[in-house]
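J.: Sequence:
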Amino acid sequence: HGSACLRAVNRVMSELAPLIGDLRQDIAECQRTAKAGGWPKTPSRKAAEAAALGLNYIKRVFHLVTFASFLCESSLKADAGALRYSEWFAKRDELSTFEANFSIL
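Per full-length UniProt numbering, residue 1 is the first one in the sequence shown, and the count goes up by one each step.
It is worth saying that the hints were derived from the structure and are not from the lab.
Please note that the accuracy of each hint is not assured.
Stated by the list, open to error - Listed next, with one range per pair, are the computed distances between beta-carbon atoms:
no., residue 1, residue 2, range
1, Thr42, Glu94, 27 to 35 Å
2, Pro18, Leu76, 28 to 36 Å
3, Glu87, Arg60, 18 to 26 Å
4, Ser103, Gly2, 14 to 22 Å
5, Cys72, Pro43, 35 to 43 Å
6, Lys59, Pro18, 22 to 30 Å
7, Ser3, Lys59, 13 to 21 Å
8, Leu76, Thr42, 44 to 52 Å
Note that the structure is a prediction, hence the values are computed from the model and not measured.
Ideal Cβ placement from N, Cα and C applies to all residues, glycine included.
Throw the hints in and build the complete structure from the sequences for me.
T.: Listed below in structure tokens is the structure:
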């Protein structure tokens, strides 16, 4: 469900961007600020803060996509309410490993 969920999340983010801001643009701005401030070799305080904020935004998008995947998968099962998202996520080591390796650059 990954690519379909990513498309769905991108569509929703685009629709809501005028109301709440565009996470993709926010991530790109954080990347520009971090790079301009010397990230990752000798970052200024502003660069380090931008990198941390951008990484937080990336994780938000990641969890939106994985939550959408969880919902798609759960809707196909008869016992859909039996598993919480946190439990579903914890059972997938590859997701935690993937998330742990995120980088703003």
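J.: Each of the hints needs a verdict: does it hold here or not?
T.: Quick rundown of the hints versus the structure:
1. Thr42 - Glu94: 27 to 35 Å: Since the Cβ atoms of Thr42 and Glu94 sit about 34 Å apart, the hinted range of 27 to 35 Å holds.
2. Pro18 - Leu76: 28 to 36 Å: Holds, since Pro18 and Leu76 (Cβ atoms, about 33 Å apart) stay within the stated range.
3. Glu87 - Arg60: 18 to 26 Å: 20 Å, holds
4. Ser103 - Gly2: 14 to 22 Å: 20 Å, holds
5. Cys72 - Pro43: 35 to 43 Å: With a Cβ separation near 39 Å, Cys72 and Pro43 satisfy 35 to 43 Å, so the hint holds.
6. Lys59 - Pro18: 22 to 30 Å: This hint holds: roughly 23 Å between Cβ atoms.
7. Ser3 - Lys59: 13 to 21 Å: Holds: the Cβ-Cβ distance is about 19 Å, inside 13 to 21 Å.
8. Leu76 - Thr42: 44 to 52 Å: 50 Å, holds
Every hint, counting from the list given before, is met by this structure.
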